[in-house]
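Fit chain B to the given chain A structure using the hints.
If you're matching them up, the sequences are chains A and B in order. The numbering used here numbers the first residue of the first sequence as 1 and each following residue consecutively. The numbering used here numbers the first residue of the second sequence as 1 and each following residue consecutively.
Rather than coming from a laboratory, the hints here were simulated on the basis of the structure. Take the hints with a grain of salt, since some may be wrong.
Since the list can't tell identical chains apart, any single copy or any two copies may satisfy a pair.
Stated by the list, open to error - Capping the alpha-carbon separation at 27 Å, the derived lysine-lysine pairs in DSSO-like fashion look like this:
1. 143 with 62
2. 126 with 232
3. 143 with 232
4. 138 with 45
5. 87 with 130
Okay, here's what each chain looks like letter by letter:
2 protein chains.
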Amino acid sequence: MRYDLYYWPTIQGRGEFVRLALEEAGADYVDVARRNKAGVSTMMKMMQARTGTPSFAPPFLKSGSQVIGQTAAILLFLGSRHGLAPKSEAGRLWVHQLQLTIADFVQEVHDTHHPIGTSLYYEDQKGAAKQRAAEFRKERVPKYCGYFERLIAGSGGTFVTGRKLTYADLSLFQIVEGLRYAFPKHMKKFEREIPSLVALHDRVEARPNIAAYLASDRRIPFNEDGIFRHYKALDK
Amino acid sequence: MRYDLYYWPTIQGRGEFVRLALEEAGADYVDVARRNKAGVSTMMKMMQARTGTPSFAPPFLKSGSQVIGQTAAILLFLGSRHGLAPKSEAGRLWVHQLQLTIADFVQEVHDTHHPIGTSLYYEDQKGAAKQRAAEFRKERVPKYCGYFERLIAGSGGTFVTGRKLTYADLSLFQIVEGLRYAFPKHMKKFEREIPSLVALHDRVEARPNIAAYLASDRRIPFNEDGIFRHYKALDK
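Extracted from the complex, chain A is given alone in its bound form (with noise of 0.2 Å):
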């Protein structure tokens, strides 16, 4: 089965969480904006759909004649489909969830950059940035790493539900590695408190597919178009 996925061709952004399920099955996949120059007006014109399953936004995935959107969404039908999920519909729920977490956390990291509206830019947003990032830096961030830790270290494994690996644990390998670009002074600071979190991302990171996909070309670098962005002004 070969998957067509539909993302922005510059960023690594929420297509990310999926680029690495994809990567770490070994899925054969199309990541057609970047193959092809017309993919982002296809992926237009997708979205603009009135019958079928358009999606608000992108990442999305085509899989034969279905069309998935939302990360969440598609992790939990990829999850199934390439064992990185538990097989009981109660762990599948349990990772679902937290990967619904792993969005909210995610969407919070946008808003340090972007508190008041994605139809500013980060320059016309600057004074409201600085106080949400600092708010974010103090509450968040400990909040949010504080959860996935406390889970790691209950876990009874060495990954967020246990032994075995699910695509939770990749995006937060995503998570550290983002959050390590876009504020690495406050993580500099942090990081000696969530240990069990960051043995988890460098877990993750000597995956051979993982290893393998992050010195492709194929994983983009971090850049201030994306979701994890690095300026001076919000980190501290």
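Just chain B now, kept in the frame of chain A:
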């Protein structure tokens, strides 16, 4: 099967999307923190658990020994059990995808009054809130509502996925209710652009179980501690 719903007892908030599904289904449930005074402290303790499936935040639902958090995941769970979602896997995933987009919208509604952060009061971020709310009314309300309007108009039925009611329709009812409460002036002008969504709202409102719920004291009135808040400065 009796369910225990854990959520803040004084607001509709995100819990309301679950309450509406339970009420439409005629499910046997206890709104724990509304039923007894110790409910909130039990809820907080459950969230601090080191094992099991503790939620990052309310709402969460207890069904037998299973505890499920994240509004959209709870609805995914309830949807298949109570005929509030299609039977096919693809259909269920589509309704879930819509619910996740509704969840994104709800987060943006929240951020109109809390653009800088949840640890501060609205009164401490009024200036930023005014800017964010203006952007929200101008850009985000038409974008989200327009998406759902288009889907309902193209669904081949009177609900968002067609001829059968799903939990996503119940949530869309709540979206219209909430926007009317929070932004009455804006909605008065805007509603003519979303006739199918308004008609869907009215259809849900008239369903016997929903009508009975709305008339009961189980329905908490909107207020300025919830997600949809009415602040004159944010409406226009």
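Hint-by-hint comparison with the structure:
1. With identical chains, the CA atoms of residue 143 and residue 62 are at most 27 Å apart between copies only, with a shortest distance of 23 Å across copies and 35 Å within one.
2. For the homomeric pair residue 126 and residue 232, the shortest alpha-carbon distances inside one copy (11 Å) and between copies (26 Å) are both at most 27 Å.
3. In this assembly of identical chains, the alpha carbons of residue 143 and residue 232 lie at most 27 Å apart only when taken from the same copy (23 Å versus 32 Å across copies).
4. For the identical chains of this complex, residue 138 and residue 45 are inter-copy neighbours only, at 23 Å across copies versus 41 Å inside a copy, given an alpha-carbon limit of 27 Å.
5. Within a single copy, residue 87 and residue 130 get their C-alpha atoms no closer than 44 Å, and across copies no closer than 47 Å, so neither meets the 27 Å cut-off.
Violated hints amount to a single one, hint 5; each of the other numbered hints is respected by the structure.
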